[in-house]
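K.L.:
In case you want the letters, here they are:
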Amino acid sequence: AQSVSQHNHHVILSEAASLELGCNYSYGGTVNLFWYVQYPGQHLQLLLKYFSGDPLVKGIKGFEAEFIKSKFSFNLRKPSVQWSDTAEYFCAVNARSGGYQKVTFGTGTKLQVIP
Amino acid sequence: GAVVSQHPSRVICKSGTSVKIECRSLDFQATTMFWYRQFPKQSLMLMATSNEGSKATYEQGVEKDKFLINHASLTLSTLTVTSAHPEDSSFYICSAPGRTSGAIEQFFGPGTRLTVL
Numbered sequence: 001a002q003s004v005s006q007h008n009h010h011v012i013l014s015e016a017a018s019l020e021l022g023c024n025y026s027y028g029g030t031v032n033l034f035w036y037v038q039y040p041g042q043h044l045q046l047l048l049k050y051f052s053g054d055p056l057v058k059g060i061k062g063f064e065a066e067f068i069k070s071k072f073s074f075n076l077r078k079p080s081v082q083w084s085d086t087a088e089y090f091c092a093v094n095a096r097s098g099g100y101q102k103v104t105f106g107t108g109t110k111l112q113v114i115p
Numbered sequence: 001g002a003v004v005s006q007h008p009s010r011v012i013c014k015s016g017t018s019v020k021i022e023c024r025s026l027d028f029q030a031t032t033m034f035w036y037r038q039f040p041k042q043s044l045m046l047m048a049t050s051n052e053g054s055k056a057t058y059e060q061g062v063e064k065d066k067f068l069i070n071h072a073s074l075t076l077s078t079l080t081v082t083s084a085h086p087e088d089s090s091f092y093i094c095s096a097p098g099r100t101s102g103a104i105e106q107f108f109g110p111g112t113r114l115t116v117l
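Residue numbers (the working numbering), protein chains in the order written: chain H, 1 to 115; chain C, 1 to 117.
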């Protein structure tokens, strides 16, 4: 069965600091990888996704993520965070399981950016 | 892009009653849809996979008799929480897979906040 782990549960940064959130998954086959953001009181929004090709993917709002197949990782990065980036971030894996496409989410990382 | 809607967005009910939540894919068809539950300050947990024309597939630990799923058409799946109790209060989210850029991506509904009194 596929699983996703996010090691950082709560991250506090000052504005302009750089961000890297870890995500590791376990699955032996082909996966599609995603990062979602959930702002307080709002529903999930897609930040970026990896399907194939260039392992460095760029998403909205200056976020990027790098897929490292050998490490089963898909870490999220942003060079300079803003207060408006305060939110919860979820890594997710979409893979085939039992004949069906199935999405598994990590436990989430709460990011707090201090002005 | 593909849009998934949910209705209602918020529901409050008394303990012991049943609540139906609808998930619709508005501009595409989905033979499968997924139902998740998100407790406060926690991640999304997959509850079940809804399959058009056949029985839903439930994740381990999810009571199929309590959470009834019906995939009535290629654009509609419903989740009925039967005999709801306060511990069923949660945020329920559905998703439907659609193709973008040649690969499959999940499109999420906005969620339904269920409060059981």
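There may be inaccurate statements among the hints.
Said to hold, decoys possible - The calculated lysine-lysine pairs, modelled on BS3-like cross-linking and capped at a C-alpha distance of 30 Å, are:
{"hint": "1", "chain 1": "C", "residue 1": "Lys-41", "chain 2": "H", "residue 2": "Lys-61"}
{"hint": "2", "chain 1": "C", "residue 1": "Lys-55", "chain 2": "C", "residue 2": "Lys-66"}
{"hint": "3", "chain 1": "C", "residue 1": "Lys-41", "chain 2": "H", "residue 2": "Lys-58"}
If you are wondering where the hints come from, they were derived from the structure by calculation, not from laboratory data.
K.L.:
Next, verify each hint and record whether it holds.
P.N.:
Going down the list of hints, with the structure as the test:
1. With a C-alpha separation of about 23 Å, the suggested pair Lys-41/C and Lys-61/H falls inside the 30 Å cut-off, and the hint holds.
2. Distance check on the hinted pair: Lys-55/C and Lys-66/C sit about 14 Å apart at the alpha-carbon level, within 30 Å; holds.
3. As the CA atoms of Lys-41/C and Lys-58/H are separated by approximately 27 Å, the hinted pair is consistent with the 30 Å bound.
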